[in-house]
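Numbering follows my numbering, in which position 133 of the sequence shown is assigned residue number 140; successive positions increment by one, without gaps.
What the hints contain is simulated information worked out from the structure, not anything from laboratory work. Incorrect hints may appear among the rest.
Pairwise CB distance ranges, derived in the manner of DEER restraints [to be verified]:
| hint | residue 1 | residue 2 | range |
| --- | --- | --- | --- |
| 1 | P89 | R133 | 20 to 30 Å |
| 2 | M193 | D83 | 19 to 29 Å |
| 3 | H144 | E11 | 46 to 56 Å |
| 4 | A141 | G165 | 27 to 37 Å |
For clarity, every value in this text was computed on a predicted model and none was experimentally measured. Even glycine gets a Cβ: it sits at the ideal position worked out from N, Cα and C.
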Amino acid sequence: MDCEPVEATGVWIANTDGQGVAVRDDCLDSARVGRWAYPAGSRLQLVAAGTGRCADWSFVRGRESTTWVRNRYLADKEPTIPLRFQIPAALRPELPIPLCTVPLAEGQNGQFNDAQFRAAASEAARIWNTTLQAAAHDHALTGIAIDYTGDCPSDTHGALNGRNEIYVVATVPGSWAGRSSVWPRMVDGALQYETDIAITDQLRPGCELDRVMAHEMGHSLGLGHGGSSGDLMYLHSGGGCPSTSTSEIEVLLDAYAP
């Protein structure tokens, strides 16, 4: 391998215009492996410096795999990432977006119960609705953005079933605390929009669960990862109780402006 070991140090994915980097098994742009990628802001561990034909690359270890990354996409501190609305204008959902919670499975042994799960969903929706209405912006909302409707009519969940669901799992793919799936699409000239949120049952009730819930609801509204370290929509949104940043609210209101 064209590299030499170095003292392990923390590095971050940066300078990718918010796009992140793909996993590669060689220092070639064409050596992409599968679909997994590390988003901008991901923290990795530098384990080797490229030499010879790989002199412009580094070998790094992330939470899922090791990969080659061009040196220009690595930073020695957490970067500020462009925050964008990631749903095309033609597929922008109508507000409010209804969301329901799927009751916890019988015997599910997590850190929170159904009542705490519902409370977190309600609090996250309140945070977005309140700040989007109170913003000093020409297009501040007069109504709500997220309509949390309580428990879903079924205790099962599924993709593309016509319902926007928040459900609990033991482990979220990729070892994250939560993950959102958004499917906007045109069918026979009509918009079909579905968003589902998976939350790990290992979150502590209160601020930790509320923050992850609010972060994932931000994705449901159309926000990608971005901003500065500590912001709600940053890849690693930090600790403390959730609150939105000015830029997060401005990006959403600009996107939903009439």
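Legend entry - Unsatisfied constraints (hint numbers, rising): 2
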